[in-house]
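Peer 1: Given next are the chains, with one letter for each unit.
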Amino acid sequence: GEDVEQSLFLSVREGDSSVINCTYTDSSSTYLYWYKQEPGAGLQLLTYIFSNMDMKQDQRLTVLLNKKDKHLSLRIADTQTGDSAIYFCAEITQTGANNLFFGTGTRLTVIP
Amino acid sequence: NAGVTQTPKFRVLKTGQSMTLLCAQDMNHEYMYWYRQDPGMGLRLIHYSVGEGTTAKGEVPDGYNVSRLKKQNFLLGLESAAPSQTSVYFCASSYPTGKGLDTEAFFGQGTRLTVV
Numbered sequence: 863g864e865d866v867e868q869s870l871f872l873s874v875r876e877g878d879s880s881v882i883n884c885t886y887t888d889s890s891s892t893y894l895y896w897y898k899q900e901p902g903a904g905l906q907l908l909t910y911i912f913s914n915m916d917m918k919q920d921q922r923l924t925v926l927l928n929k930k931d932k933h934l935s936l937r938i939a940d941t942q943t944g945d946s947a948i949y950f951c952a953e954i955t956q957t958g959a960n961n962l963f964f965g966t967g968t969r970l971t972v973i974p
Numbered sequence: 125n126a127g128v129t130q131t132p133k134f135r136v137l138k139t140g141q142s143m144t145l146l147c148a149q150d151m152n153h154e155y156m157y158w159y160r161q162d163p164g165m166g167l168r169l170i171h172y173s174v175g176e177g178t179t180a181k182g183e184v185p186d187g188y189n190v191s192r193l194k195k196q197n198f199l200l201g202l203e204s205a206a207p208s209q210t211s212v213y214f215c216a217s218s219y220p221t222g223k224g225l226d227t228e229a230f231f232g233q234g235t236r237l238t239v240v
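Keeping their order, the protein sequence lines are chains F and S.
Residues 863 to 974, numbered by the working numbering, are exactly what the first sequence covers, in order.
Residues 125 to 240, numbered by the working numbering, are exactly what the second sequence covers, in order.
Hint data in this document are derived by calculation from the structure and do not stem from the laboratory.
Please note that the accuracy of each hint is not assured.
[Stated by the list, open to error] Taking lysine-lysine and the DSSO-like style, the derived pairs with C-alpha atoms no more than 27 Å apart in a straight line are: (1) S:181 with F:898; (2) F:918 with F:898; (3) F:898 with F:930; (4) S:138 with F:898; (5) S:195 with S:138.
[Claimed, not checked] Covered, in the sense of this in silico footprint (three residues per stretch, anywhere, with C-beta under 8 Å from a C-beta of chain F), are these stretches of chain S: (6) 135 to 141; (7) 183 to 196; (8) 207 to 213.
Quick reminder that beta carbons are idealized off the backbone N, C-alpha and C, glycines included.
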């Protein structure tokens with residue numbers, strides 16, 4: 863089946879950039895997503911990228927996609943303490959139910 | 125607009141007890157999902173539904189049953205709870221997309237279930 867992998871932890875200092883990485887195995891992915899989960903809450907969509915794109919920028923967020931290496935990254939510029947959360951990458955597979963396959967999540971800790 | 129609402133938010137069960145988790149969405153979404161979240165394992169799909177009256181198995185369906193009698197509700201049942209089912213359960217809903225369209229899954233706040 864599909865396999866989406868992420869590092870479990872990342873710590874950065876406030877004001878620095880954060881880069882969260884994700885690798886996936888399904889080459890037929892159409893969309894790739896980044897979700898954010900704050901403590902005690904559900905997941906919220908941060909941004910997404912279509913598989914025929916290699917970069918997408920949205921304010922402080924930059925998504926890079928290397929389809930050849932099946933590698934996705936999320937860069938957060940000027941990281942703030944409010945960015946501390948778990949970040950999940952996810953992919954849509956070619957099934958009929960828009961089944962999202964999630965990575966393990968990366969816990970980002972921002973040090974003041 | 126409430127979005128996706130899960131009840132209850134917390135529950136403690138004894139091994140062998142049964143319970144039903146309720147998910148309700150008010151966005152007229154066709155698709156609904158139940159995931160479980162375990163440390164270091166991300167979210168895994170238990171069951172999903174592509175419309176009223178239809179359900180299908182996901183990645184980890186054993187020990188769970190679901191029903192989608194009404195479009196807005198998706199119920200997850202545990203007939204005989206086991207400690208391995210201790211987890212945080214998330215419901216999500218989305219609208220169907222065709223090729224070339226994006227989709228966003230909206231998540232509930234989660235239900236923390238402990239089986240002792």
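Peer 1: Each of the hints needs a verdict: does it hold here or not?
Peer 2: Verification of the hints:
no. : hint             : in the structure
1   : S:181 with F:898 : holds, 26 Å
2   : F:918 with F:898 : holds, 17 Å
3   : F:898 with F:930 : holds, 26 Å
4   : S:138 with F:898 : violated, 32 Å
5   : S:195 with S:138 : violated, 31 Å
6   : 135 to 141       : violated (count 0)
7   : 183 to 196       : violated (count 1)
8   : 207 to 213       : violated (count 0)
Against the hints set out earlier in the document, violations occur for numbers 4, 5, 6, 7 and 8.
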